[in-house]
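**Q** All chains should be built: construct the whole structure from the sequences, respecting the hints.
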Amino acid sequence: MDHSHMDHSGMDMSAHRCNMNMLFTWNTQDLCIVFRWWHVSGTLSLIISLLAVVALGAAYEALRSASRRYETFVDKRQEELPNGSVTETTPFLWSGRNQVEVSKRAHVIKAVLYAVQSFYAFMLMLLFMTYNGWVMIAVTVGAFVGYLVFGNSTSATKDGACH
56 MDHSHMDHSG MDMSAHRCNM NMLFTWNTQD LCIVFRWWHV SGTLSLIISL
106 LAVVALGAAY EALRSASRRY ETFVDKRQEE LPNGSVTETT PFLWSGRNQV
156 EVSKRAHVIK AVLYAVQSFY AFMLMLLFMT YNGWVMIAVT VGAFVGYLVF
206 GNSTSATKDG ACH
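Residue numbers (the numbering used here): 56 to 218.
Keep in mind that the hints were calculated from the coordinates and are not lab data. Any given hint might turn out to be false.
To be verified - Mimicking DMTMM-like on lysine to aspartate or glutamate, the simulated pairs with C-alpha atoms at most 20 Å apart in a straight line are:
1) 159 to 134
2) 165 to 134
3) 165 to 126
4) 165 to 116
5) 159 to 135
6) 131 to 156
7) 159 to 130
8) 159 to 126
9) 165 to 130
As the structure is a computational prediction, the values presented were derived from the model and not from experiment.
**A** Set out below in structure tokens:
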């Protein structure tokens, strides 16, 4: 079929294509990491991308650490609040109602932190699922660095498969 009469001037034939692998590979030619705009075009962009992936993995551990610290803070704060019994030494504004309000607010904040962690974990999973060995190693190094820096008060075992 002859297509010589068709106008292809609006199409950019020099654009880089994203190589989507479904099998393990070390190939970085036309590698796009999660998004089409995150395109590896050479050695320098590969190194920068891998460093960014390491930073993202470490930042996930920082987020988990911040969530654990918040939960500890809330637990301590709830222990300090009166349990509903009002005495002469109880400040006027403190009552059992305040404890319930603090508990509800803390639960909403913890739910937001949990949702952000879940989203973040699935995004890291998508990075790993590029099936590119270099990206997989970068995700793993990021988890190592993040745990090394932020995981000093955490067990080395994971609770969930992805988050």
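**Q** Does each hint fit the structure? Answer for all of them.
**A** Verification of the hints:
About 15 Å separates the Cα atoms of residue 159 and residue 134, which keeps this hinted pair within 20 Å; it holds. Using a Cα cut-off of 20 Å, the hinted pair residue 165 and residue 134 holds, with the two alpha carbons roughly 17 Å apart. This hinted pair checks out: residue 165 and residue 126 have alpha carbons roughly 8 Å apart, not beyond 20 Å. In summary, the hint linking residue 165 to residue 116 is supported, as the alpha carbons are separated by about 16 Å, within the 20 Å threshold.
The straight-line distance between the Cα atoms of residue 159 and residue 135 is roughly 16 Å, inside the 20 Å bound, and the hint therefore holds. Only pairs whose Cα atoms come within 20 Å are accepted, and residue 131 paired with residue 156 is accepted, the gap being roughly 15 Å. Straight-line distance between C-alpha atoms of residue 159 and residue 130 comes to about 13 Å, which keeps the hinted pair within the 20 Å bound. Proximity of residue 159 to residue 126 is assessed by CA-CA distance (about 13 Å); at most 20 Å being required, the pair is judged to hold.
Restraint check for residue 165 and residue 130: satisfied, since their Cα atoms lie roughly 12 Å apart, inside the 20 Å limit.
When each numbered hint is compared with the structure, no violation occurs for any of them.
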